[in-house]
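Start from chain A and add chain B according to the hints.
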Amino acid sequence: MKSRRRITNTLIFILLLIGAVFMIGPLLWMLSTSLKDKQDVFALPPVWIPNPVHFGKYKEIWEAGPLLSGIKNSVIIAVSVTLVGTFTSSLAAFSFAKLKFPAKNKIFLLMLSSLMIPYPAVMIPQFFMFSKLGWVDTLLPLIVPGLFGNIVMIFFLRQYLSSVPNAIIEAAKIDGSSYFRLYSSITFPLIKPAVAAQLILWFMGIWNDYLSPIIYLNSPEKQTLQLVIANFNATYAIQTDYPLIMAASIIALLPMLIIFLVFQKQIIESVAISGVKG
Amino acid sequence: MNQKSNLYRKEKIYGFLFILPPLLGLLIFTLYPMIYSIYGSFTDWDGLGQMNLIGLSNFKDLWTDELFHKALFNTLFMMLGIPIGIVLALLLALGLNRGVPGTTAFRVIYYVPVISSLAAVSIMWNWAYNGDYGLVNQFLDLFGITGPNWMANKYTVKPALIIMAVWKGVGYTMLLYLAALQSVSRSYYEAAELDGANSFKAFWHITWPMVRPVTFFIIVTNIIGGSQIFTEMNIMTPTGGPEYASASVVFYIWQKAFGNFQMGYASAMAVVLGAFIFVVTLIQFRMNEKQSFDVD
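Note that the protein sequences, when read in sequence, are chains A and B.
Okay, so the first sequence: first residue is 1 according to our numbering, each after it adds one.
Okay, so the second sequence: first residue is 1001 according to our numbering, each after it adds one.
Extracted from the complex, chain A is given alone in its bound form (with noise of 0.2 Å):
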């Protein structure tokens, strides 16, 4: 019984073993275009390690466009949204989950409700308003609805600060604590794990966003790293330089892949307790 556990356990282990060649395979691949020269790609059969390896495109693609300014305008949205959303967005779940006040519920239940209505079924009178404004082609549109907060984020905290005693807030009350040093110097620091784990996926979220800046951002400069590299595939795709496109690309997924390969822990647990909530 031990061995024939231990032979499916080994033909189980080489399937797994064949399924991860195929999800990072694609990827590797996207890594070696990225370090060849323009005609190597095009040879038969392929090679996957590159002789010699070329570096080249790396320096390149800083050139050929505006790759710079595509981070900064990534890393200008992504931070902004998730440093003030995190903070709104948790204030507004201690609220939810500690504090009475009239129609708590029935609020609460209206944002819940809010996240059937999808971003295509708003995004056209969302542009016409930013327009009138004159936000178009500026960062703002992509800034500033994130800035009130993030309705997933209130509701799994909430869901987290569940498992925080009320008896801590209720002492702390009596004790003449204000409610937003309640929330800053008692709350927060208990919820810490769980905030930093939203906010990274929020992160990755705004990070690899495509169809808001796409509406929203016109001139080259103006735009997040995820437009500009659709750029390149589009601009040197009919110069067949794939090393160039992959390059630019293996750049723009890079930062997300630290991130997750740094927090995977904290990252794969928030989602897998997401799954289990829902």
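All clues given are correct.
Which bits of chain A does chain B cover? Going by a derived footprint, with three or more residues having C-beta under 8 Å, they are:
hint : segment
1    : 80-93
2    : 204-210
3    : 261-269
Below, in silico cross-link-like pairs of lysine to any residue (SDA-like), each with a Cα-Cα straight-line distance of 20 Å or less:
hint : chain 1 : residue 1 : chain 2 : residue 2
4    : B       : Lys1168   : A       : Leu28
5    : B       : Lys1158   : B       : Tyr1244
6    : A       : Lys38     : B       : Tyr1133
7    : A       : Lys104    : B       : Lys1012
8    : B       : Lys1158   : B       : Gln1228
9    : A       : Lys72     : A       : Pro255
10   : A       : Lys2      : B       : Asn1198
11   : B       : Lys1070   : B       : Tyr1155
12   : B       : Lys1010   : A       : Ile186
13   : A       : Lys106    : B       : Ile1028
14   : B       : Lys1201   : B       : Arg1212
15   : B       : Lys1168   : B       : Val1087
16   : B       : Lys1010   : A       : Asn105
17   : B       : Lys1012   : B       : Leu1023
18   : A       : Lys106    : B       : Leu1024
19   : A       : Lys106    : B       : Glu1011
20   : A       : Lys173    : B       : Phe1016
21   : A       : Lys104    : B       : Leu1020
22   : A       : Lys100    : B       : Arg1009
23   : A       : Lys265    : B       : Ala1179
24   : B       : Lys1168   : A       : Ile268
25   : A       : Lys100    : B       : Lys1010
26   : A       : Lys173    : A       : Ser162
27   : B       : Lys1010   : A       : Ile169
28   : A       : Lys106    : B       : Thr1030
29   : B       : Lys1070   : B       : Tyr1244
30   : B       : Lys1168   : A       : Val21
31   : A       : Lys2      : B       : Gly1196
32   : B       : Lys1168   : A       : Leu211
33   : A       : Lys132    : B       : Gly1259
34   : A       : Lys104    : A       : Leu161
35   : A       : Lys100    : B       : Tyr1014
36   : A       : Lys106    : B       : Leu1282
37   : A       : Lys173    : A       : Phe101
38   : A       : Lys100    : B       : Ser1005
39   : A       : Lys173    : B       : Arg1009
40   : A       : Lys100    : A       : Gly176
Everything labelled a hint here was simulated from the structure, so no lab data went into it.
Here a beta-carbon is modelled for each residue, glycine too, at the ideal position from N, C-alpha and C.
Showing chain B alone in chain A's frame:
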């Protein structure tokens, strides 16, 4: 007594103050535009001139608009990836749940495509689907199969996008299943083993029912996400593909609204999309209620 009611009044004010930003955000950036979308769908809105009410005219046009039908069909067709992804993800999760060596590494590897930028991944797959030099056809060549020029062929462009979507999403689904499997108590399986049930029976009568809520959650979120698919086609087939075979609903909305400035018409499509998602979510709520009733 007086002090206590004073405290409560203060709490009411602060409690409301703290939730005011997201509430305002919701009203300004979601609810107001939503209502405006519905209103706009009954007008000839072009983003510049006056908006004139034209009744159901936009919706009638949708009914006979061949491109809209194509986009709708394509969007639904590409949802075939959902069951494929579910089966693969569940198999992977079952494998990983046995505690084979390297479980953590596998979890990370399968999750990498999920966190990767969709734009970058689309660019990469577009190159991988290249007819002559792409990775996919070179792989098929090992088995003596001559692959098509995937993105340029109206029969292969949708399957190509489905394969990519499964590749990108399977890690996420696997993770949700893995978490669900880990919460199933071992004692069920021990009891089943005592009763002489084989592993297939154990799966069918224990595992599958236990993970049903997760399956349901995955189906619903995937339908909602799948109905809004856009980035892939925008990058891989900027014109909507051969004979518009890869255009999605959101792609068509985007073209009409920001390419042709037919904002009223695009709003009508957006309203249809919103209604579709509303119904799917409603079904989820209903089924969830039913399910928790079952468990009781």
